[in-house]
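J.: Here the protein sequences line up with chains A and B, keeping their order.
Per my numbering, residue 1 is the first one in the first sequence, and the count goes up by one each step.
Per my numbering, residue 1 is the first one in the second sequence, and the count goes up by one each step.
Hints may contain errors.
No more than 20 Å apart at the CA atoms, straight line, and that leaves these computed lysine-lysine pairs for PhoX-like [claimed, not checked]:
hint, chain 1, residue 1, chain 2, residue 2
1, B, Lys203, B, Lys232
2, B, Lys429, A, Lys304
3, B, Lys431, B, Lys446
4, A, Lys231, A, Lys216
5, A, Lys86, A, Lys246
6, A, Lys315, B, Lys232
7, B, Lys569, A, Lys62
8, B, Lys436, B, Lys491
9, A, Lys231, A, Lys246
Computed spacing ranges between beta-carbons, pair by pair [unchecked claim]:
hint, chain 1, residue 1, chain 2, residue 2, range
10, A, Asp270, B, Ala106, 57 to 67 Å
11, A, Asp13, B, Glu490, 18 to 28 Å
12, A, Leu128, B, Gly374, 17 to 27 Å
Keep in mind that the hints were calculated from the coordinates and are not lab data.
In this text, a Cβ means the ideal position worked out from N, Cα and C, and glycines have one as well.
The residues making up each chain are set out below.
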Amino acid sequence: MARRPSPTDYRSDLWNDWCPGCGNFGIVAAMYQALAEMNADPRMTVVVSGIGCSGKTPHFVKVSGVHTLHGRAIPFATGIKLANPKLNVIVNGGDGDLLGIGAGHFVALGRRNVDLVVIMHDNQVYGLTKGQASPTLPREMQTKALPKPNMQDPVNPVALAISSGYTFVARGYSSKVKHLKDLIKAAIEHRGAAFIDVLQPCVTYNDIFTYDYYDKRVYQLEEAGWNPDVKDESDAVGKASEAYSKAFEWGDRIPIGVFYRNTHVPSFEDRIAARLPNYLKVPPAEETVDRGGIPVMDGAAFRKAFSEYIVDVAKG
Amino acid sequence: MTIRAVDFILGGPQGGGLETSSQVLTWAFARAGYGVISDREYFSNIRGRHSYIHAETSAFELPRALRYPIHLLAAMDAETVFTHFGDLAQGSYLVYNVGEEKSNFAAIPSMEVELRERLRSMFPGIGVDGTLGSLVKYMGSRGVTPVGLDYASILSNAQREAGIVASQVSRYVSAILIGAVAALTGLGEDYVSYGLARRFQRKELYNHNLYIARSVMSQVKSKFGSPLALEKSSIGHGELLVASGNDAVAMAKIVGGLRYQSYYPITPAADESFTLEEYESIHGDGFDSEVVVLQTEDELAAVNSAIGAALSGARSATATSGPGFDLMVEGLGWAGMNEVPVVVTYYQRGGPSTGQPTRGEQSDLLSSVFASHGEYPRIVIASGDHEEAFYDAVDALNYAERYQMPVIHLVDKFLANTIASMPVPDPSKTKIDRGKLTGNVTGNYKRFDMSSPISPRAFLGQAVMWYTGDEHDEVGHITEDSEARIRIYEKRMRKLEIADSEIPEERRATYYGPEDADFLLLGWGFVKGAALSAMSELSAQGLRGAYLHVRVFSPYPSKLVAGILSRFKPDRIIAVEHNYEAQAARLARMNTGVEVERSILKFSGRPIYTDELVRAVKSVLSGSRREVLSYGA
Ligand SMILES: Cc1ncc(C[n+]2csc(CCOP(=O)(O)OP(=O)(O)O)c2C)c(N)n1
Ligand code: SF4
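Just chain A, with the same shape it has in the complex (with noise of 0.2 Å):
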């Protein structure tokens, strides 16, 4: 491309099928923006979604998308990610998604810090199913959809993101395009698991977290002077409980932006480079395995490797 991109670059030509109003709009053209601004390559830009409203995100971006299995794309990421880490790779799930059916991923992203962004598309509610409550709802809440009140307590995404191991943890709103754009950007340029709680309002069955409830209530981390850096290694602990705390502040102030932010965890692309020397010159899935359909490891090759099985018979 010569000319720089621009955000309507990055939109694909499908119908968006979503409610006209949700919040999820929001969080498409803060994609857009960013990887506009950050003059993304289309074909090395992989989007990875789950199941839900918000799993429908690959199809309205003009980039590859793989749109997966119900909880399931973190794991799906991985492999990508794993396999090719010279790709830029995005999540994009539910509440219910990545927290509820998905939550065991969600853990075991963070403990890896695989190069990975996540962004949650938190509604607090199952959008696509019609409303039920998710797992970041609080409890006694009773969303419109819901015949009695919620009797579950909600996770905290930002805490446990932090508590998983997750080196960027961040909140956006997605009434706040310009905002969300810079943390967008911000995670794709860190390097490792890279966690953003959009807060995304439902219009259609939340009618509690609303677009009227945040404006209200949404200040930025940054204008109130936090600092989400950890400077060295012996600073992480400090710097992740000060951000533990932070994510706790809910109520009449909610803070968005950057709470927590490590550079100094190796990536898990670095941590199996140290076991596989070529692995980010040429990755697994460029690797010639074969010439002309014969495999690259020929007879001897074969017996040297595998030695310790071959017992050469003695004669006599």
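Got chain A; can you put chain B with the ligands on it based on the hints?
T.: This is chain B with the ligands only, laid out in the frame that chain A set:
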């Protein structure tokens, strides 16, 4: 006098060094040119429960099945003798610890209650008072030669003479068994030393073990000679690969260009991934083989990350067993829908549920062929022995890419945990088929281009493309249009017809035996070894049978199997399987219309032995419709 093949059992507590004895002996026999096969049976337990290794070593063939009764039992402990005394043939040898003669079976806590009850009701009738000593005496009167050794004094001698630390000495019982078996089978000391050297890189351990094995060898030889001495080998291989099924598959995957393997620990699959991890980075003359091996958080992540890796272009696989496969089923459907080449190596064990985690079975065939909701094409391959497992594992990777669909490679626990000798595989006899690839695409790319059932594939990174588990159009976007649905559905399903027309039927099913055989065994998987051995035994007795081995269940070799089945009268076709329902026979009926009415089945978790299969075939030929085999502790 020398003999052609020896069947023996090494028994003892799990974790007590049995595997060491077995490994050393296996290498030693192979070094001497003999064929070996050894099956390990163990409880789902880490230390203490009874475990045993049943092995055969042969001077005239690479053995492929085991048989009873055995020629030699070498026991680490009294429980082993109580468990296996009934397996000993006339003229056989029993190696045991005289220090344990006073042990009473009733006081062995690790023994299964059922076995204790059986012994309780049996011993009074044969005059055994319940102690090991009286059982050994009884065995002596039944034509078994007891080889009593004083394990404690052998070890304390060795402790003094070879300088073993007192607290470590109990770890050397394995060397006593090695010495005793070597002496009785006439295995030369050089070979024992070779086996020990392979097993123990640490000089000190090697020396200690050799010292003990040697002293036992001379003690046993001077008293008993080498009554089970094997004749000189006539097999004629200059070298042998000695490996478990798990290891054979791992080696094959590396040859086959595997670049990504994910797994969640489960018996008996996990060893394969361990071996892969050990060989994750191999660099040779002009080639590099680097495999990312990822232990995931569960099987859902295992299969789905393998699918992701395949989308990026890596040859990709995962390995699991029943409970794990169940979790992978949803992902398998996604791979089918999205035409993703991914291999699942499926190590069958006893089910349902966690069933018998460390025992063998073949009860997941139907579950593999029909797994996951909806309809989608898949390839299902089942391996019968180590050599097949090797070449099938390479083919699995090839078929996955050629036909752009998931491949399930079925192995069973018997094969996975059995160590066998096989000719060293030659990678240049295998091929790599990556299927239809386009490479970098300029302009618009249709991942599911409808102009042919198998669309040219680009990897993520080479073009912009979309995938979804919902029904999709050529580009990969969701569609619910009714006509588009029919077109893409048919495109997907037609790929299996193409595979059916391209993969030779002879590759998918093999007929062993004379064209004009009088009866036919129909089997698959690890049944192959016992079936072939039983066939040759039966034909020596004048019963001329054949064996039809089915190796690919999807696409099913219908014409070939139907043709063979139609040559036999219905009452002369016998299904032989490790399950209750005769699952492969059901698939045969589904695909050929021929009902297989007779069956020989085993679902005790133990392998089918040649001798029991021979007996069962005779009963079926004389009218029995269904034989359920039960031999084996
Ligand atoms: C295994 C499985 N269980 C259930 C479903 C049904 N399902 C479809 S969407 C969805 C909820 C999605 O909610 P959320 O992740 O919060 O995303 P949203 O729709 O709110 O964006 C569920 C449960 C499914 N597709 N797969
Ligand atoms: S149901 Fe809610 S989340 Fe789903 S599209 Fe409509 S507004 Fe958006």
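J.: Of the numbered hints stated earlier in the document, which are not met by this structure?
T.: Going through the list in order, the structure violates hints 1, 3, 4, 5, 7 and respects the others.
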